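Using the hints provided, position chain L relative to the given structure of chain A.
Number of protein chains: 2
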Amino acid sequence: MGMPMASNLIAAGYQLTVYNRTASKAEPLLSLGAHRADRAGDVAQPGGIVVSMLADDSSLEALVAGPDALAEHLAPDGIHISMTTVSPAITRKLARVHADHGSVMVSAPVFGRPNAAAAKMLWICTSGPNDAKAKVRPVLDAMGQGIFDFGDDPGAANVVKLCGNFMIAASFEAMSEALTMVQKSGVDPVATIEMLSSTLFASPVYQGYGAAIAHRKFTPAGFRLPLGLKDIDLVLKTATEANVPMPTASLLRDRFISAIAKGRAAMDWSAIALGAADDAGLKDTQGTH
Amino acid sequence: MGMPMASNLIAAGYQLTVYNRTASKAEPLLSLGAHRADRAGDVAQPGGIVVSMLADDSSLEALVAGPDALAEHLAPDGIHISMTTVSPAITRKLARVHADHGSVMVSAPVFGRPNAAAAKMLWICTSGPNDAKAKVRPVLDAMGQGIFDFGDDPGAANVVKLCGNFMIAASFEAMSEALTMVQKSGVDPVATIEMLSSTLFASPVYQGYGAAIAHRKFTPAGFRLPLGLKDIDLVLKTATEANVPMPTASLLRDRFISAIAKGRAAMDWSAIALGAADDAGLKDTQGTH
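Chains as they are written, first to last, in this note's numbering: chain A, 1 to 289; chain L, 1 to 289.
Just so you know, these hints were derived from the structure itself, not from any lab.
Bear in mind the structure is a predicted one, so any value in this text is a computation, not a measurement.
Lysine-lysine pairs mimicking BS3-like chemistry, simulated, CA-CA at most 27 Å apart:
{"#": "1", "chain 1": "A", "residue 1": "LYS184", "chain 2": "L", "residue 2": "LYS230"}
{"#": "2", "chain 1": "L", "residue 1": "LYS230", "chain 2": "L", "residue 2": "LYS262"}
{"#": "3", "chain 1": "L", "residue 1": "LYS184", "chain 2": "A", "residue 2": "LYS237"}
{"#": "4", "chain 1": "L", "residue 1": "LYS184", "chain 2": "L", "residue 2": "LYS217"}
{"#": "5", "chain 1": "A", "residue 1": "LYS184", "chain 2": "A", "residue 2": "LYS283"}
{"#": "6", "chain 1": "L", "residue 1": "LYS184", "chain 2": "L", "residue 2": "LYS283"}
{"#": "7", "chain 1": "L", "residue 1": "LYS230", "chain 2": "L", "residue 2": "LYS25"}
{"#": "8", "chain 1": "A", "residue 1": "LYS184", "chain 2": "A", "residue 2": "LYS217"}
{"#": "9", "chain 1": "L", "residue 1": "LYS184", "chain 2": "A", "residue 2": "LYS93"}
{"#": "10", "chain 1": "A", "residue 1": "LYS283", "chain 2": "L", "residue 2": "LYS237"}
{"#": "11", "chain 1": "A", "residue 1": "LYS184", "chain 2": "L", "residue 2": "LYS237"}
{"#": "12", "chain 1": "L", "residue 1": "LYS217", "chain 2": "L", "residue 2": "LYS283"}
{"#": "13", "chain 1": "A", "residue 1": "LYS283", "chain 2": "A", "residue 2": "LYS217"}
{"#": "14", "chain 1": "A", "residue 1": "LYS230", "chain 2": "L", "residue 2": "LYS184"}
{"#": "15", "chain 1": "A", "residue 1": "LYS120", "chain 2": "A", "residue 2": "LYS135"}
{"#": "16", "chain 1": "A", "residue 1": "LYS184", "chain 2": "A", "residue 2": "LYS262"}
{"#": "17", "chain 1": "A", "residue 1": "LYS237", "chain 2": "L", "residue 2": "LYS283"}
{"#": "18", "chain 1": "L", "residue 1": "LYS93", "chain 2": "A", "residue 2": "LYS184"}
{"#": "19", "chain 1": "A", "residue 1": "LYS25", "chain 2": "A", "residue 2": "LYS230"}
Chain A on its own, in the form it takes in the complex (with noise of 0.2 Å):
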């Protein structure tokens, strides 16, 4: 996700520092112009602007609390745009420490896949200081379609992404238990699909991944069933902190966990519609054609 999202601030005129745990992985930028910094905490300087897209919450407490602490060197006045999907609660925390330092957090989680980066589709998210969000926005606007802001509080965007990304898989399971039945009814499952996702359910999520679940296409994977398995943990925990139960993303947690011990790891997270179908003992259900 990083390189496509780096790509449009160059593309649109900024000039970046850049680093990635595999260096090799930034050379691409490098050739548009970019330069490149050896250690994380060197992409910052003091009043700038980092980008942060990592992989979870304790890769993101690394980098903004760990010993190369960004929150130091972003001092004084410096702005930390995070945009992964992390928990609300390091979100917050990690704004303190940021806070603490005499730097600013701004958290700005994505919807949207690598070729929605590219194609500055990505939906995104914002919430942190608002004199920061305000700031930090034309470095948005040039990563993204959209961008919804929900106030000062710093986790409230990772709340948002968290609900987000729950409603998308519960839409795989609801899709993969209607479909399975009128598969097994003798209907035709992607006729199906497509009459709702072009009328009632007239929208990304359903049409993008309503014809993947009727076609049991999984692969290549736009997101990694795993990448899932991560953001129903976070939501559980977040619903857990605030005392809610969620007996579908219960559910949804055991389909990625099936999912994987089934050998399906390398797949689309959609895949877990994959468990309806096995549980109805269809047999057509490998998913890799």
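What follows is chain L alone, placed relative to chain A:
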């Protein structure tokens, strides 16, 4: 539902003979030029076309195969367009009854509330014999904005209709769990669903019901909650016959039963969304404001 659909048929120039169990309900149609039948079977004549919109499987069976059998009144070669949301099983059974009498059944369940019916905005699914479907096509066109055919198995259209209603109800549960998590995490559920339903989930179901769920506004009912339970029971019955476990449908059934137990039977079926909020200890969830 029958009233606006019949009105559109009259507006399209069809001469109607109408029947309703509650005679007074047919009166607005009489003032538009329809004739009234004293018994249901009297709406039919040999070789004619009858449209039925009823309550459930048993009322459809009584109409087609009861003492004053429609299947017999329509013979030879009349066509019964069955538009009620019923089980595929009863449709297949009654299609055979029609065939035995020399008449034909076309299954044509619809998606859309009464206001959509009035605006001729219904989506209609069809299945049954091709020549009969071709003959009644203008009648269906006079009532809907789009017709989707699912082949000659008379039950097929009902399978698709149940599939769609299940997916709608599943979206209520997903939105409900998600927005409860959002609200209890200190984030605005209205802003959240506005964002999601204008981007990833930009479709009639998420936009219409998402706003109702976020605002907890479930009255007046567009489709009363017990009718939703009826449909989920048909989904589960159909799934049982096809040996398809549907854990989400089972959860939804319990949500409907619980909502009725809590006195919400007069609300819209989307009021099952109060279940997740109740479970999370939210007090302000009676849904009448």
